[in-house]
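Novice: Produce the complete structure using the sequences and hints provided.
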Amino acid sequence: MSPDLKGGIWLVPEEPSAAESVGAKKLLPMAPMRSNRSNPMVFLDLSVGGEPAGRVVIELFADKAPKAAENFRLLCTGERGAGRWSGRRLHYKGAPFHRVGGDITAGNGTGGECAFGDGRYFPDEGLGAVRHDGPGVVSMANAGPNTNGSQFFITFAEAPWLDGRHVAFGRVVDGMEAVTAVEKAGSMSGRTVRPVVIADCGEVPRFKNRGPTRKPCSISDLNKHCDACNTSSWNLLESRSPAGRLSGVGIE
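As numbered in the working numbering, residues 140 to 391 make up the sequence shown, in order.
Note that these hints are calculated values from the structure, not bench results.
Glycine included, C-beta positions come from ideal geometry on N, C-alpha and C.
Don't take each hint at face value.
[Stated by the list, open to error] For lysine-lysine, the following DSS-like pairs were computed, each having C-alpha atoms within a straight-line distance of at most 30 Å:
| hint | residue 1 | residue 2 |
| --- | --- | --- |
| 1 | K323 | K232 |
| 2 | K232 | K203 |
| 3 | K206 | K232 |
[To be verified] With beta-carbon atoms standing in for the labels, derived distance ranges:
| hint | residue 1 | residue 2 | range |
| --- | --- | --- | --- |
| 4 | D257 | E190 | 35 to 41 Å |
| 5 | D202 | P299 | 21 to 27 Å |
| 6 | A296 | N175 | 22 to 28 Å |
| 7 | E297 | P344 | 20 to 26 Å |
| 8 | L266 | S177 | 32 to 38 Å |
Specialist: Listed below in C-alpha cells is the structure:
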C-alpha cells in the first residue's frame with residue numbers, strides 16, 4: 140500500500156516477525172489506555188461482508204488537534220446535517236471503506252467533505268503533535284497540504300514516514316479486534332476484497348453526575364441498559380485500575 144493517501148480505513152501494514160514467518164500465531168496489538176479523560180470519545184460499528192465485525196472506540200485528541208478531533212466527532216454524530224459543498228449528509232454512517240475510510244460523498248476515494256460548512260477542506264494543524272508511533276493511531280488522509288476532509292486511516296504499526304504529512308488526531312482505545320477484521324479484508328492492491336462499511340457511529344456519552352452514593356457500573360451492565368447512567372451499556376469500556384478494580388473508562 141502506498142503511504143501517499145489520496146482517499147480513504149487505510150491500515151498501515153506491519154512487517155512479519157521471524158516467528159510469524161514460520162507459522163507462530165500473531166498477537167493482536169493491544170489498545171492503550173485513554174490519555175486524557177476530558178477528550179471526547181466516539182465509536183464506529185464496522186461490518187465486513189455484511190456481517191458485524193465489532194465496535195471500535197476512539198479517543199479524540201481535542202487537546203492536541205482540536206479542529207481535526209471536532210471534525211471527526213461531528214462526522215460520527217451527523218449533527219451538522221447536509222454539507223454545503225456536496226449537499227450530502229455529513230455522517231460516517233453507511234460510508235464504505237475502499238482503501239481507507241470516510242469518503243462520505245463518493246465512497247471511492249474521490250470525495251469527502253469536512254463538517255465545518257465553510258468549504259470542502261480544513262487546514263493542517265499540529266503536524267507531529269501526535270506521532271504515528273504504533274497500532275491504532277487515527278489520522279487524516281489527504282491529497283496534499285491543507286486538504287483534510289472526511290477521509291481517515293488507522294495505523295496497524297508504527298509509521299514514522301507519515302509524521303509531519305498527516306494530521307493524527309486520535310487513537311483506538313477499544314476494539315482493535317474489529318480493526319484487525321478490516322485489515323484481513325484488505326488486498327495487495329489496497330482495496331477491500333469484501334464490502335467494509337461503517338454500519339453505525341456516534342459519540343460515547345459521558346456519565347451524568349452520579350452523586351456520592353452512586354456505585355460504578357459493573358461488567359454485568361454490559362448487556363443491558365444502564366438507567367443510572369441514562370445510556371446504553373456499550374458506553375462502558377472495561378479496564379482495570381492499579382488496584383485491579385473493573386471500572387468504566389472514558390465516559391465520566
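Novice: Hint compliance check: list the failing hint numbers for this structure, sorted ascending.
Specialist: Numbers 7, 8, in rising order.
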